[in-house]
Amino acid sequence: MIPDIALPNLFVAQPGQLVLPVVLPLLAAFLMQPLARVSTALARGLGPLVLILSAWITAQLWIQLGDAPFTLAIGGFAPPLGILFYADGIALLFALAVPVFALLFWPGSGSGGDAVAGSGPDSNQADRDQAARRDALVLLLVAATTGLALSGDLFNLYVFYELAAVASFGLVALSGTGRAQVATFRYLMISAFGSVLALVGIAILYMQTGTLNLGQIAQLAPETLNNPIGSAAFALMLIGFGVKAELFPVNTWVPEVYAGAPARVSALLAGLVSKLAVLVIVRLLVLIFPQPEAAQMLLVLGVLGVLTGEFAAWRAKDFPRMLAFSSIGQLGIVFVAFSIGGEIGLLAGLAVALHHLIVKSALFGLAVRWNGSLEALSGAARTSPLGAALFVLFALSLVGVPPLPGFWAKLTVLIGLAERGTPLDMTALMVILLVTAVEASYLFRVAIRLYQDNPDPVAPHARRDLGVAALLGAVLVAATLGLRPVADVLGAGAAQLGDRAGYIETVFPSHVAGKDRP
Amino acid sequence: MRNLASLLFAGGLAFLLLTLLSQLAFGTPPMRVGAEILAVAPGEVGAANLVTAILLGYRGFDTLGELAILFAAATAAGVVLGRRRDDARRDPPGGEVLRTGADLLFPLLVVVGFYVIAHGHLTPGGGFQGGVILAAAFFVALLAQPARHLSHGLILWIEGLAGAAFILIGIWALVADGDFLAPLLGPGRMGDLVSAGTLPLLSLAIGLKVGAELAGIMAHIADAEAPDT
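Protein chains in written order, with the working numbering: chain U, 1 to 518; chain C, 1 to 229.
FYI, nobody ran anything at the bench for these hints, they're computed from the structure. Note that beta-carbon positions come from the ideal geometry of N, C-alpha and C, so glycine has one too. It cannot be assumed that every hint is accurate.
Which chain C residues face chain U? A few, computed with CB under 10 Å, are given here [what the hints assert, rightly or not]:
| no. | residue |
| --- | --- |
| 1 | Phe9 |
| 2 | Gln23 |
| 3 | Ala76 |
| 4 | Val140 |
| 5 | Ala162 |
| 6 | Pro183 |
What follows is a list of derived Cβ distance ranges for each label pair [unchecked claim]:
| no. | chain 1 | residue 1 | chain 2 | residue 2 | range |
| --- | --- | --- | --- | --- | --- |
| 7 | U | Ala68 | C | Gln23 | 36 to 44 Å |
| 8 | C | Gln23 | U | Asn124 | 58 to 66 Å |
| 9 | U | Thr422 | C | Phe9 | 55 to 63 Å |
| 10 | U | Ile63 | C | Val80 | 36 to 44 Å |
| 11 | C | Leu105 | U | Ala192 | 28 to 36 Å |
| 12 | C | Arg2 | U | Thr422 | 45 to 53 Å |
| 13 | C | Arg2 | U | Gln181 | 17 to 25 Å |
| 14 | U | Pro290 | C | Ser22 | 20 to 28 Å |
| 15 | C | Pro146 | U | Gln181 | 57 to 65 Å |
| 16 | C | Leu154 | U | Phe444 | 52 to 60 Å |
| 17 | U | Gln181 | C | Pro124 | 34 to 42 Å |
Kindly generate the complete structure, drawing on both the sequences and the hints.
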């Protein structure tokens, strides 16, 4: 089986290349530190360059191959023997969002004002080393989250989840303060605990089905996992993967970590990483655990997350903590939405998740400068009028004021809940309405403070952070104007995401597992 | 409040695990994928050690992920461990006996490490295990003589190039065969040192990377300042 060397393969879009957005950031991360010893400029440019390349490859593949879901077997081993990537619209959307957001919140360049060694001109070898480590960790996080979006193999998902976890420990500890390191340690303990539970859950699935391929598990699930063992395995994996997804009750690390980490890292963790963990949970829910107990678990934990998060945000005294608690609340709504199931539930969940991705990332971008207590923000509108205006825009959308997309997202959740209409659903509906008032109260309190008179307001934002926030604000406004097409695209994505039979058919086109080997 | 929540959580978890214990039927797991790999792996990958065939062949992508996790941990440790003041004290050397013993042990450990790496596709062992033995050679040297200096730059280069080699072998397969990390070069004759295609090369890359990484962490810890007492 000596392969004939045919070079042009790389220049024609084919499924095999979908692995590149995962392995190229890994390659760059491995080489980052030695390269930084040779040339600082090279090492600095490498990260953004690789991210642009990854985004370009994903976009190309999406344009040329992406109408119907497709798979690629890594190593050429036909499923279920090898590891499989599964690319439907939502997977590709997130695979594209990962490098784009990492680029927007790239912690390397610009006078971000973070207390990160290496921002600004690097003075000596130790600072340069630290900057290279930071860039390598971000690239590892990018590779891991892209893998989470694409992988169709249970254990492979776990590997990428672990990689995302370990890379984020390093990034959170970057600011070097004692507070950040204590927060990191707590995060590490909770994360390790969650990982063990998730691994036990995966082991149970493997014991029951004898395979790790999600498509094959989905095939076998109705007869092997529709029982108390299956529900217990789901609970374990829900808690495990829920750590990154800020699920109640394993989200106690969130406020301290987001307040202690560099703000751009918080933007990536709260915006991007949490969404990919949610996507993993949704895939499990759709493919493997269609039983009502699983959805109920998600609904109850989601409601608890909404309540605890939003009330804690209401009481928070500083800006990053307020954003962190609000993030817990918003992700609670995402879980409630996904627990509804069906096309409307998936659509609502996706809408809230993507809305939160844009809005919360942008708000954390503003927190690069507004990183102190809320009181210190009074009068900030004078030095940073655009920043304050953007905050108001994002706050309005987060609360759900029409016609902004946040309104439509929340409304879809409420409609979904009302349509199903069990007592539990109606409770969730009331809770969401209640916390909307709470959200409005604390966000507008901040908005009012921003426009107060204060002779000595905080320093203005760096141009880059403001630019990123303005860009995301523009996306939000564009989505408001083009709500119909956005809803259509998301609806199509939700239909694909919820299509369990389609997933199995795509993975095993001949219906005979593993028998179509060349 | 927080204690009550923790108690509830712990109780729920205990209930969950007890349910599992009472329900799970141990001892008869279905061998769906396992049986099929057992049947086809010798012809497809050609490694006498089936564990390696799975780790580097069928699940080679997971192994790349594991490598990245170890690398992330080493990098994060580098972030946290901080830097050394130039005038900081070092731990005292271990004495004549330990130093001579360490010097004698060093070449032996290196040879054993490379042996385990090179035979990963034939006998139990492989890149991870061999890499740890290689790192141990440097651990022993550093522990016996803390003032000895390991070159961070060299370690970084070995680590970076070994990791890059793993990925480039994968990309080579992507270009030549259309699939990342597909087995190349043919399976060869089972049991030969040169067999199983690119698997020994992947083993070598893993071994060097793991060895360099662990040695790097050790060098960082050794660089930390000794307590003042």
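Here is how each hint holds up against the structure:
For the restraint placing C:Phe9 at the interface with chain U, the shortest Cβ-Cβ distance is roughly 5 Å, inside the 10 Å limit, so the hint holds. For the restraint placing C:Gln23 at the interface with chain U, the shortest Cβ-Cβ distance is roughly 5 Å, inside the 10 Å limit, so the hint holds. The criterion of a C-beta within 10 Å of any C-beta in chain U is met by C:Ala76, whose closest approach is roughly 3 Å, and the hint holds. Interface hint at C:Val140: violated, since its Cβ lies 25 Å from the closest Cβ of chain U, which is beyond the 10 Å cut-off.
Interface restraint check: C:Ala162 against chain U, minimum CB-CB distance 8 Å, threshold 10 Å, status holds. Of the supplied interface hints, the one on C:Pro183 holds, with its beta-carbon coming within about 7 Å of a beta-carbon of chain U, less than 10 Å. With their beta carbons about 39 Å apart, U:Ala68 and C:Gln23 fall inside the hinted range of 36 to 44 Å. Restraint check, C:Gln23 to U:Asn124: a C-beta distance of roughly 60 Å satisfies the suggested window 58 to 66 Å.
Evaluation of the 55 to 63 Å hint for U:Thr422 and C:Phe9 yields a failure: the beta carbon distance comes to about 25 Å. A beta carbon spacing of about 42 Å between U:Ile63 and C:Val80 agrees with the range 36 to 44 Å that was offered as a hint. Look at C:Leu105 against U:Ala192: about 34 Å separates their beta carbons, and that is inside 28 to 36 Å. In this structure the hint that C:Arg2 and U:Thr422 lie 45 to 53 Å apart at CB is violated, the actual value being about 31 Å.
Checked against the given bound of 17 to 25 Å, the beta carbons of C:Arg2 and U:Gln181, roughly 22 Å apart, stay inside it. Separated by about 24 Å at the C-beta atoms, U:Pro290 and C:Ser22 satisfy the suggested range of 20 to 28 Å. For the hinted restraint 57 to 65 Å between C:Pro146 and U:Gln181, the CB-CB distance of approximately 25 Å leaves it violated. Distance hint check: the CB atoms of C:Leu154 and U:Phe444 are about 58 Å apart, consistent with the given range 52 to 60 Å.
Roughly 39 Å separates the CB atoms of U:Gln181 and C:Pro124, a value that falls within the hinted 34 to 42 Å.
Hints 4, 9, 12 and 15, counting from the list given before, are not met by this structure.
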